[in-house]
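If you read the sequences in order, they're chains A and B. Just so we're aligned, residue 1 is where the first sequence starts under our numbering, counting upward by one. Just so we're aligned, residue 1001 is where the second sequence starts under our numbering, counting upward by one.
Be a bit skeptical, because a hint or two may be false.
[As the list claims (entries may be wrong)] Footprint (simulated), chain A over chain B, 3 or more residues, beta carbon under 8 Å:
no., region
1, 1166 to 1178
2, 1245 to 1255
3, 1373 to 1379
[Stated by the list, open to error] SDA-like, lysine to any residue: derived pairs with alpha carbons at most 20 Å apart:
no., chain 1, residue 1, chain 2, residue 2
4, A, Lys58, B, Lys1129
5, A, Lys58, B, Ala1251
6, B, Lys1293, A, Glu107
7, B, Lys1293, A, Ala110
8, B, Lys1129, B, Glu1163
9, B, Lys1293, A, Gly42
10, A, Lys172, A, Lys58
11, A, Lys58, B, Lys1238
12, A, Lys58, B, Ser1253
13, A, Lys58, B, Ser1248
14, B, Lys1293, A, Ser109
15, B, Lys1238, B, Ser1226
[Claimed, not checked] Label-pair distances were calculated between CB atoms; the ranges are:
no., chain 1, residue 1, chain 2, residue 2, range
16, B, Ala1273, A, Lys69, 34 to 44 Å
17, B, Glu1206, A, Arg41, 29 to 39 Å
18, B, Ala1273, A, Glu134, 39 to 49 Å
19, A, Val210, B, Pro1325, 40 to 50 Å
20, A, Arg140, B, Arg1294, 45 to 55 Å
21, A, Lys69, B, Arg1284, 45 to 55 Å
22, B, Gln1287, A, Glu176, 21 to 31 Å
23, A, Asn53, B, Ala1281, 14 to 24 Å
Don't read these hints as lab results, they were simulated from the structure. Treat the numbers as computed from the prediction; the structure is a model and nothing was measured. Using N, Cα and C, we set each Cβ at its ideal position, and we do this for glycine too.
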Amino acid sequence: MRILLVEDELMLADAVRDHLLAAGEAVDHSASVVDAEIMLRGTNYDVLLLDLNLPDGKGLDLLRGLRRKGSATPCIILTAQDQISDRIEGLNAGADDYLVKPFDLNELSARLAAVSRRYSGNPNPFVELAGGVEVDLAGRSVLRDGVHIDLTSREWALFDQMVKRPGQTLSKRQLEEALYEFGAEIESNTVEVYVSRLRRKLGRDVIKTVRGVGYRVEG
Amino acid sequence: MKIRVQNSLQFILTKRLTVIVAVFWVIGALFAAYTARHEMEEGADTALIETSRRASTLVIDYLENHQDEGEIVVLPEPGFDVELGDDSDYDEDFDDFDDFMQYQLRNADGAVLLRSRNAPETPFDTPLKPGFSNGDEVRVYTSVTGNGDLFMQVAEPTEHRNEAIIETMVSQFTPLIFLIPVTILAVVYSVTHALAPVRQVRNEIETRGEGNLTPIEQDDPIEEISTIVTAVNRLMAKLEAALSVERSFTANSAHELRTPIAVAMAQTQRLLAELPEGHAARKRAAQTEEALKRLSRLSEKLLQLARAESSGGFSPTGHNQDLGPTLNLVIEDIRRAGIDGAEIRFDTENLASLSANIDHDAFAICMRNLIENALKYGGDEEPVDIRVAEGHIVQVVNGGPPVSPAELAQLTTRFKRSSNKADGSGLGLAIVEAIARNTKAELKLYSPRPDHADGFMAELRLHQS
Chain A
1 MRILLVEDEL
11 MLADAVRDHL
21 LAAGEAVDHS
31 ASVVDAEIML
41 RGTNYDVLLL
51 DLNLPDGKGL
61 DLLRGLRRKG
71 SATPCIILTA
81 QDQISDRIEG
91 LNAGADDYLV
101 KPFDLNELSA
111 RLAAVSRRYS
121 GNPNPFVELA
131 GGVEVDLAGR
141 SVLRDGVHID
151 LTSREWALFD
161 QMVKRPGQTL
171 SKRQLEEALY
181 EFGAEIESNT
191 VEVYVSRLRR
201 KLGRDVIKTV
211 RGVGYRVEG
Chain B
1001 MKIRVQNSLQ
1011 FILTKRLTVI
1021 VAVFWVIGAL
1031 FAAYTARHEM
1041 EEGADTALIE
1051 TSRRASTLVI
1061 DYLENHQDEG
1071 EIVVLPEPGF
1081 DVELGDDSDY
1091 DEDFDDFDDF
1101 MQYQLRNADG
1111 AVLLRSRNAP
1121 ETPFDTPLKP
1131 GFSNGDEVRV
1141 YTSVTGNGDL
1151 FMQVAEPTEH
1161 RNEAIIETMV
1171 SQFTPLIFLI
1181 PVTILAVVYS
1191 VTHALAPVRQ
1201 VRNEIETRGE
1211 GNLTPIEQDD
1221 PIEEISTIVT
1231 AVNRLMAKLE
1241 AALSVERSFT
1251 ANSAHELRTP
1261 IAVAMAQTQR
1271 LLAELPEGHA
1281 ARKRAAQTEE
1291 ALKRLSRLSE
1301 KLLQLARAES
1311 SGGFSPTGHN
1321 QDLGPTLNLV
1331 IEDIRRAGID
1341 GAEIRFDTEN
1351 LASLSANIDH
1361 DAFAICMRNL
1371 IENALKYGGD
1381 EEPVDIRVAE
1391 GHIVQVVNGG
1401 PPVSPAELAQ
1411 LTTRFKRSSN
1421 KADGSGLGLA
1431 IVEAIARNTK
1441 AELKLYSPRP
1451 DHADGFMAEL
1461 RLHQS
């Protein structure tokens, strides 16, 4: 997933970004509303993690602006304001979830996964694929014929994108976006390399190549 | 608040005005009666003198013409010698009217020489002394006539004179008997009418909720009332400002405190994740993480308690508000946070009817604490039941061993934990109790829970207005 983290407390942002990177997500960080707006214009993010009190404005105003422009990017608010009225205001402004500081980083991952699943149209975290492969999106585990298969973070990032949209063909460009951090170098055959590694681990039937278009998994 | 009728301004004003008016009327009437009586006495006395003067010459003349030795001459009354026809309009009142004046002409020895028809044959029981004198039943005017050896006495029965005075008094006081009740009604009407602005302000204050600190409005300001209302409005504005400062202070403190804890916790979790398995520092990092989690929970509870004790907690409109969605959100939140404990069983049957005069945030804090408590201290086997009753009562029921009555009474004391598990802050029920106290709600704790031999039930009876 490609995530934009908007948080002005740098030490917190640092820990959150490291945690998400370690989990194989691509994370961009912005410490202000203005920077966040510029980044949102340039890239399609899968999830927005938004602090409410930012030095140059309110996170909720940024979110309202996005929703007014028709953006449906899922958003999780990270805030120190714990009152139920703050939460109601956040949800009314178009937030999908609300996490009160201090939060557990694993809790953040679980919420991210849940929001992202809701947006992919399949809120069920258990997906069965061809070739006896079972995936638990929430638990980030893959079983092949009942045997647990270990995936690296980047392998998971790529596979996760396809499993969330079973039957849908994803372009090489879409898969690249999910794979890389903002600004990271990409090589022309990186997606092919990871797809072939996944096929080795999960069997040839799971990921289909759609010639000239991209790849898809069958549900 | 029920105010006794005797203490109402309307009652006091009506009572005092009525009593004052009635007393002054009675005093005025008595004074008038006294004056009237005096004037009537004077008039009647003058009539006696005049009668005496006019009649004496005629009487002496009549006596000279009709005197018989030893006999008392009786003076005929005017009109008695006249023959009256059947169709005559003879006035009996005239007879009555004329009948009361009695004359006696007496010599110096006191013997009666002549008398009027209505006068007694015996002499009046008054001395033969010129001027007025009072007998037992008559008032008499005596004048010297003839050659100074005769005494003309004109008498008026005291009864007749008193009767006239009593009739005058009665005719003067009778209207008062009717006028005083009419005056009371008029006073009641006037006072009620004049106090209408006071009542309007009273109703306005009475119907608003305790949390409503908006200015009192007046349709038709009267100087005295508007001064009070302006002062009250100024006071409420100051109170509102003070409360708002306090609220923003606690909100800011929450923010300022939470952010550094969040940083410390996230960094510690990263440290824990980045340390290789089996590293000596992992244990310390894990303990730091645990301590930070406890610090986070404790700071949250302390801030909730500060909020609960500082601000009113009533609905900002001062009226009941719909609390169903808030309860739903709190439960959804707790479920999602995955707090350890039993399953939550939420009976949404009466949820739509839940409404009370309490702020959403205060209500959410109460429910969060009650549910967290139930999850923490209830057994894992039985679900935590949450249900709404009568539109303003929320019950949170859990299983687990019963709490002794002595312990139950102590549970709302700060930092008092139920003995079976000790990882709570010991503030949850104290927070709920503080909010309940501020919002006229009532927190009732039962253990064992109703219809069971074990378990615990917390019942929050919210205030409706």
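Status of each hint after checking the structure:
Counting residues of the region 1166 to 1178 of chain B whose CB lies closer than 8 Å to any CB of chain A gives 0, which falls below the minimum of 3, so the coverage claim is violated. Coverage of a stretch by a chain is defined here by at least three residues with a beta carbon nearer than 8 Å to that chain's beta carbons; for the region 1245 to 1255 of chain B and chain A the count is 3, and the condition holds. Note: the region 1373 to 1379 of chain B has 0 residues with beta-carbon separation from chain A under 8 Å; the three-residue rule is not met and the coverage is violated. Distance check on the hinted pair: Lys58/A and Lys1129/B sit about 119 Å apart at the alpha-carbon level, beyond 20 Å; violated.
Taking the CA atoms of Lys58/A and Ala1251/B, the gap is about 16 Å. The hint holds against a cut of 20 Å. With a C-alpha separation of about 13 Å, the suggested pair Lys1293/B and Glu107/A falls inside the 20 Å cut-off, and the hint holds. Distance check on the hinted pair: Lys1293/B and Ala110/A sit about 18 Å apart at the alpha-carbon level, within 20 Å; holds. Annotation: proposed proximity of Lys1129/B to Glu1163/B is violated, straight-line Cα distance about 27 Å (limit 20 Å).
Proximity of Lys1293/B to Gly42/A is assessed by CA-CA distance (about 38 Å); at most 20 Å being required, the pair is judged violated. With a CA separation close to 36 Å, the supplied pair Lys172/A and Lys58/A exceeds the 20 Å bound. As the CA atoms of Lys58/A and Lys1238/B are separated by approximately 29 Å, the hinted pair breaks the 20 Å bound. Note on Lys58/A and Ser1253/B: the hinted pairing holds, with a Cα-Cα distance of about 18 Å set against a maximum of 20 Å.
Of the pairs offered as hints, the one joining Lys58/A and Ser1248/B holds, with about 17 Å between alpha carbons and a cut-off of 20 Å not exceeded. With a C-alpha separation of about 18 Å, the suggested pairing of Lys1293/B with Ser109/A holds against the 20 Å cut-off. In summary, the hint linking Lys1238/B to Ser1226/B is supported, as the alpha carbons are separated by about 18 Å, within the 20 Å threshold. In this structure, Ala1273/B and Lys69/A meet the distance hint of 34 to 44 Å, their C-beta atoms being roughly 37 Å apart.
Range check, Glu1206/B to Arg41/A: Cβ separation about 57 Å, and the 29 to 39 Å hint is violated. Checked against the hint of 39 to 49 Å, the C-beta distance between Ala1273/B and Glu134/A comes to roughly 26 Å, which is inconsistent with it. Range check, Val210/A to Pro1325/B: about 46 Å between beta-carbon atoms, so the 40 to 50 Å window is met. Judged by the Cβ atoms, the range 45 to 55 Å given for Arg140/A and Arg1294/B is violated: they are separated by roughly 28 Å.
Checking the proposed 45 to 55 Å range against Lys69/A and Arg1284/B shows it holds: the Cβ atoms sit about 48 Å from each other. At about 42 Å, the CB distance of Gln1287/B to Glu176/A disagrees with the hint of 21 to 31 Å. Between Asn53/A and Ala1281/B the beta carbon distance is about 33 Å. The supplied range of 14 to 24 Å is therefore violated.
Hint compliance for this structure: hints 1, 3, 4, 8, 9, 10, 11, 17, 18, 20, 22, 23 are broken, all remaining hints hold.
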